[in-house]
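Undergrad: Kindly produce the complete structure, drawing on both the sequences and the hints.
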Amino acid sequence: MKPLSQLRCQACQGDMHAMAESQQQSLMEQLPDWQRQSEQGGQRLVRVFRFNTYPEAANFTAQLAELAEQVQHHPMITLEWGKVTVVWWTHSLGALHLNDFIMAAQTDLLYQGNHI
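So for the sequence shown, the working numbering puts the first residue at 1; every next one is plus one.
If you are wondering where the hints come from, they were derived from the structure by calculation, not from laboratory data. A portion of the hints provided could be inaccurate.
What the hints assert, rightly or not - FRET-style restraints, in silico, Cβ to Cβ:
#1 His17 - Gln37: 33 to 43 Å
#2 Ala58 - Ser26: 29 to 39 Å
#3 Ala20 - Asn59: 33 to 43 Å
Claimed, not checked - Taking lysine to any residue and the SDA-like style, the derived pairs with C-alpha atoms no more than 20 Å apart in a straight line are:
#4 Lys2 - Ser26
#5 Lys83 - Tyr111
#6 Lys2 - Leu98
#7 Lys83 - Gly42
#8 Lys2 - Val71
#9 Lys83 - Asn59
#10 Lys83 - Asn114
#11 Lys2 - Gln25
#12 Lys83 - Pro3
#13 Lys83 - Asn52
#14 Lys83 - Gln63
#15 Lys2 - Leu31
Even glycine gets a Cβ: it sits at the ideal position worked out from N, Cα and C.
TA: Put into structure tokens, the structure is as follows:
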């Protein structure tokens, strides 16, 4: 399989299924800064991104919102002074799908681009 950051999010289909635990563990190797957390009976990917200023954090949030809109897959984003918490999961499944891992990797790339 290609690295997650090189894959593209696919449109949700009615026959989508949550990823198996073994698949999730394998993909987490490519997302070392992310955590899997259980919430409301399903898994979610969570990461906190740190910034020096509120405007930097707000700019990252706006860029991530634009990226999410382009692929029609939207995370929960919490903007605070100096940090942005991003949570990915597939809402229709209430669980994790490959799309969530792809978008987490894309979020990491976006962050790296903001911190070069």
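Undergrad: Take the hints in turn and mark each one as holding or not.
TA: Tested hints:
Take His17 and Gln37: their Cβ atoms lie about 20 Å apart, and the range 33 to 43 Å is violated. Range check, Ala58 to Ser26: Cβ separation about 34 Å, and the 29 to 39 Å hint holds. A hinted range of 33 to 43 Å for the beta carbons of Ala20 and Asn59 is consistent with their spacing of about 37 Å. Straight-line distance between C-alpha atoms of Lys2 and Ser26 comes to about 13 Å, which keeps the hinted pair within the 20 Å bound.
With a CA separation close to 12 Å, the supplied pair Lys83 and Tyr111 stays within the 20 Å bound. Proximity of Lys2 to Leu98 is assessed by CA-CA distance (about 12 Å); at most 20 Å being required, the pair is judged to hold. Of the supplied pair hints, the one linking Lys83 and Gly42 is violated, its CA atoms being roughly 25 Å apart against a limit of 20 Å. A threshold of 20 Å between alpha carbons decides the hint, and for Lys2 with Val71 the separation of about 19 Å falls inside it, so the pair holds.
Proximity of Lys83 to Asn59 is assessed by CA-CA distance (about 11 Å); at most 20 Å being required, the pair is judged to hold. For the hint pairing Lys83 with Asn114, the CA-to-CA distance comes to about 13 Å; that is within 20 Å, so the pair holds. Restraint check: the Cα-Cα separation between Lys2 and Gln25 comes to about 16 Å, which is no more than 20 Å; the hinted pair holds. With a C-alpha separation of about 26 Å, the suggested pair Lys83 and Pro3 falls outside the 20 Å cut-off, and the hint is violated.
This hinted pair checks out: Lys83 and Asn52 have alpha carbons roughly 8 Å apart, not beyond 20 Å. Proximity of Lys83 to Gln63 is assessed by CA-CA distance (about 14 Å); at most 20 Å being required, the pair is judged to hold. A distance of roughly 14 Å separates the Cα atoms of Lys2 and Leu31; the hinted pair therefore holds under the 20 Å criterion.
Hint compliance for this structure: hints 1, 7, 12 are broken, all remaining hints hold.
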